[in-house]
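Colleague: Protein chains in written order, with our numbering: chain R, -6 to 345; chain X, 22 to 293.
No lab work stands behind these hints, which were simulated from the structure alone.
Every residue gets a Cβ at the ideal spot worked out from N, C-alpha and C, and that includes glycine.
Certain hints may be false.
To be verified - Which residues of chain R face chain X? A few of them, derived with a C-beta cut under 7 Å, are:
| hint | residue |
| --- | --- |
| 1 | Pro(-3) |
| 2 | Leu42 |
| 3 | Val49 |
| 4 | Thr50 |
| 5 | Leu66 |
| 6 | His69 |
| 7 | Phe77 |
| 8 | Ala81 |
| 9 | His85 |
| 10 | Pro102 |
| 11 | Arg299 |
| 12 | Val300 |
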Amino acid sequence: MTDPYVAARDLVKRYGTLPPAVDHASFTLERGEMLALLGPSGCGKTTILRMIAGLVTPTSGSIRVAGQDVSALPVHRRNMGMVFQSYALLPHLSVADNVGFGLAMRGIPRAERRRRVQAALDLVKLGDKGGRRITQLSGGQQQRAAIARSLVIEPSLLLLDEPLSNLDATLRDELRGEIRDLQRRTGTTAIFVTHDQSEALAAADRIAVMSAGRIEQIGAPTDIFERPATRFVAGFIGGGTFLDGVAHEGIAEIPGIGPIRMTAVPPDGAVTLLLRPHRVEFVAPGAMPANVADGIVESVVYTGERVSTQVRVGEHRVTVNGFARGQQKLPGDAARLGWGEDDVVVIPRPTA
Amino acid sequence: MRLALLLPGLAFLAVGFVLPLLWLLRISLAPQTGDGLEAQTYAAVLGDPFYWRLAGNTLLLGAIVAVIAVLLAVPVGLFLARTTSRWRGVLVSLAIAPLLTSTVVRTYGWMVILSDRGLVNVTLRAAGLIARPLPLANNLTGSVIAMVEILMPYAILSVLSGLGRLQPAHEEAAALHGANRLRVFTRVILPLALPGILTALLLVFVLAISSFITPRLMGGGRVFVFGTEIYNEATVTLNWPLAATLAMLLLAAFAIVITLYGRLAAHLSNAP
Chain R
-6 MTDPYVAARD LVKRYGTLPP AVDHASFTLE RGEMLALLGP SGCGKTTILR
44 MIAGLVTPTS GSIRVAGQDV SALPVHRRNM GMVFQSYALL PHLSVADNVG
94 FGLAMRGIPR AERRRRVQAA LDLVKLGDKG GRRITQLSGG QQQRAAIARS
144 LVIEPSLLLL DEPLSNLDAT LRDELRGEIR DLQRRTGTTA IFVTHDQSEA
194 LAAADRIAVM SAGRIEQIGA PTDIFERPAT RFVAGFIGGG TFLDGVAHEG
244 IAEIPGIGPI RMTAVPPDGA VTLLLRPHRV EFVAPGAMPA NVADGIVESV
294 VYTGERVSTQ VRVGEHRVTV NGFARGQQKL PGDAARLGWG EDDVVVIPRP
344 TA
Chain X
22 MRLALLLPGL AFLAVGFVLP LLWLLRISLA PQTGDGLEAQ TYAAVLGDPF
72 YWRLAGNTLL LGAIVAVIAV LLAVPVGLFL ARTTSRWRGV LVSLAIAPLL
122 TSTVVRTYGW MVILSDRGLV NVTLRAAGLI ARPLPLANNL TGSVIAMVEI
172 LMPYAILSVL SGLGRLQPAH EEAAALHGAN RLRVFTRVIL PLALPGILTA
222 LLLVFVLAIS SFITPRLMGG GRVFVFGTEI YNEATVTLNW PLAATLAMLL
272 LAAFAIVITL YGRLAAHLSN AP
């Protein structure tokens, strides 16, 4: 078995006597892979990125890239690229000089530098903007220039710190796709920090979900979404209705709802189930789904394409997300909800 | 509406600045005897080598003070701009706190420190390092020392405000893309600090060549600059046309310096 291309082992960062900002975080990346560090603000994801970059010194733990321990290397010798939330382009240099900065620092001759800078600018569709000043670029163009600056040095690892959060929604989706495409085409290994679950799901090969300094779960987007390892992961990504009850021989008895049948077989005893809002439907007359529950509509939120309906079932509040078509429910209406056996997510109990 | 808001300020400037300036011009053009306007005093001043030496002294003193004050202020300004200490606000206030004291008081303070029986000489003699007092007061050296200290807060403020564009991420981005500490300084911090440094040089230079209190008190009558000469002509000799002429010439020097600075600043900010 070959070593992973990037390996972070037991990274810890403490500030004084506070709880650790990063608490024994370990993960690996294969060459060409894109990992998203996802979590709420203050969860330690940016600290991990900055430890890899060398901007923050870990309290303990090791970081290896391409078989080399980089912990002892100063920032400027790590050969990593980093894309900042604030772009961090140098305002006194032209776009081309910003992109060529890393090459100039590496002593690349002027002619070759010019050629590689032009190629990088073409790659990010700024081929004709090299002579511009930074302030003459839009936010999206500035971030593209920042990406070109990082890619042109052919970094051993590309680090992206919330690269899309200063952009408006449309541009964010567009640039997300572009970053992913560039990362794939150039075969760059990348770590990408975000608090936006849809960004992580759409752009990453794998996601590490973080909470309070710890990595809760690492996996492919479908693993994270379909098989969340903890209640935090399930709640942070996608969310839905959590139902606590008791399982016996593969059937969960939920107080106020009744027995729930499911494909996954939870161990007997206390159990937590998750109903994703898009996997619950209003039952059409005559249909017989595996699970049904009767309730009263509490509120309806219409967003054009979709309708989100809150239904009170006993003491539970179940959210139903569906495409907007046909007659909508009104608050106070009686509603019968239904879902199949494979629409139920079983949240593993923490093993003490 | 906009005009109504501008009016009080404009009126104040007209009465407090433009009118006195015109009056000063009028005095400078007054003949030694009789009425009328003539450029006689200007011709006399410009034809007299004494005033050219005086101008040379003034510009030299201004340049020396500006360079020393800015050299001392740059590290302080850079530190204050970049520190993340929670004492930053306090430190900035401390750096500019000397401005709360009048120049006269601070100059007298320096006389106490630098005179033959002052703090410095007494200490050095007690330590056996010198046999006779160093000539630190009543000469050019003392004037320069006091002026540097008195004008340094302006330089620190200029450097500090000029660094508003520098973000920690700029330095981090440069380091990540291969710049060592020296190159982060020469390629990122210094270019971004340059406009503030130039403003500091200009400000201190202009304040230095127009000052008269410190050169007069610290110079012990041995430092002759435009400021002290204007003061003498206006209050001792009572030759107002000459004082006004010298003041107008000093003003012309300001105009030239500020125009050159504007050109340079525009050139710097246009070059990407």
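Colleague: So, for every hint listed, does it hold in this structure?
Modeller: Quick rundown of the hints versus the structure:
Because the closest C-beta pair between Pro(-3) of chain R and chain X is about 22 Å apart, greater than 7 Å, the hint is violated. Because the closest C-beta pair between Leu42 of chain R and chain X is about 11 Å apart, greater than 7 Å, the hint is violated. Because the closest C-beta pair between Val49 of chain R and chain X is about 10 Å apart, greater than 7 Å, the hint is violated. The beta carbon of Thr50 of chain R comes no nearer than 14 Å to any beta carbon in chain X, farther than 7 Å, and the hint placing it at the interface is violated.
This hint is violated: Leu66 of chain R has a C-beta 12 Å from the nearest C-beta of chain X, more than the 7 Å allowed. Evaluation of the His69 of chain R hint against chain X yields a held restraint, the C-beta minimum of about 5 Å falling below 7 Å. This hint holds: Phe77 of chain R has a C-beta 5 Å from the nearest C-beta of chain X, less than the 7 Å allowed. For Ala81 of chain R, the interface hint holds, since its Cβ comes within 7 Å of a Cβ in chain X; the closest pair sits about 4 Å apart.
Evaluation of the His85 of chain R hint against chain X yields a held restraint, the C-beta minimum of about 5 Å falling below 7 Å. Interface restraint check: Pro102 of chain R against chain X, minimum CB-CB distance 15 Å, threshold 7 Å, status violated. Evaluation of the Arg299 of chain R hint against chain X yields a violated restraint, the C-beta minimum of about 38 Å exceeding 7 Å. Interface hint at Val300 of chain R: violated, since its Cβ lies 42 Å from the closest Cβ of chain X, which is beyond the 7 Å cut-off.
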